[in-house]
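Student: Sequence:
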Amino acid sequence: MLKKIAIAAAMAATASFATWDYYPVQDAGKASFKGGIYYDADDDWSQMGLKIGARFSVIKGLEISLQNFGYQFWGETDCSGCANGGNGLTDMTLGVRFEVAPMVTAFLDINLPTGNDDYDGVGTTRPTNDELSLYGGAQFSLPTGVQGFQFGVEGGLYWGFEHDNHERGLDIHMGAEARYEIPTVKGLAPYLGLKMKYRLTESEYENDRDSHDYGYDDNGTTQFNLWLGAQYAINPMITVKAHLIFRNEDYEGANNDGNIHRMDGEATGLYMGCELFL
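Residue numbers (my numbering): 2 to 279.
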């Protein structure tokens, strides 16, 4: 049980850190706002919260966004001796995407550690990871020739800055998503996505007693994310969506090593939300 608590406490509440989506940016002058509820659970651990976002296409091919900001209702483990808590404002992500070619979009996201960093006790997950980080790369969306079918892929590097004597190893992310609007049910579009993460370099920490850097030997760690759901366009302005998400992590370090920069751990989750287009 103590092992499970340590792993849960190391998991980032901002596991969804990502670009807005894998598809081309909207036309110039277009904007959208989204909000939704997320819930994740793994054995006795769970977290739930609200997150919101907004994006705006400033000019043709250039989009700016605010993502993943919200409020975590709880993040805690149900066990004897475990505390209740993990609630508060979450971190936020500022993003920019720029269409460098008709099918290629470059992106850069910056995660700002604006969330509540109070530790509520054993087994709780704070709404922040205390880390200023960058995620940059490129997306590719190829016309399929099939009406109603969209497909996008993404590749990027995740780089976290040192904080509290800890520094995350460099991660590479590769993802893809496909969705298809059913011709016989106008507005209904099931979708399927996946994302693979791989730690290229090990995470490190500085020991205060000797001022030396030590590694967690976590390079080679992999994370697999799979999500399956559907969205429905009520009208041209409002779309509702829901999906299940499954996360699995193969951690190369020691489970009780105290590494605060694990990936996303292992969990099953649910997201339900809506997006308003203007």
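If you are wondering where the hints come from, they were derived from the structure by calculation, not from laboratory data. In this text the structure is predicted, and so the values were computed from the model without any measurement. The C-beta atom is built at its ideal place from N, Cα and C for all residues, glycine as well. One or more of the hints may lead you astray.
Pairwise CB distance ranges, derived in the manner of DEER restraints [unchecked claim]:
#1 Met238 to Phe162: 34 to 40 Å
#2 Cys275 to Leu195: 37 to 43 Å
#3 Asp118 to Val154: 30 to 36 Å
#4 Thr223 to Ala29: 20 to 26 Å
#5 Leu95 to Asp211: 35 to 41 Å
#6 Gly221 to Lys187: 44 to 50 Å
#7 Phe150 to Tyr120: 43 to 49 Å
Student: Among the hints numbered above, which are violated by the structure, and what are their numbers in rising order?
Tutor: 2, 4
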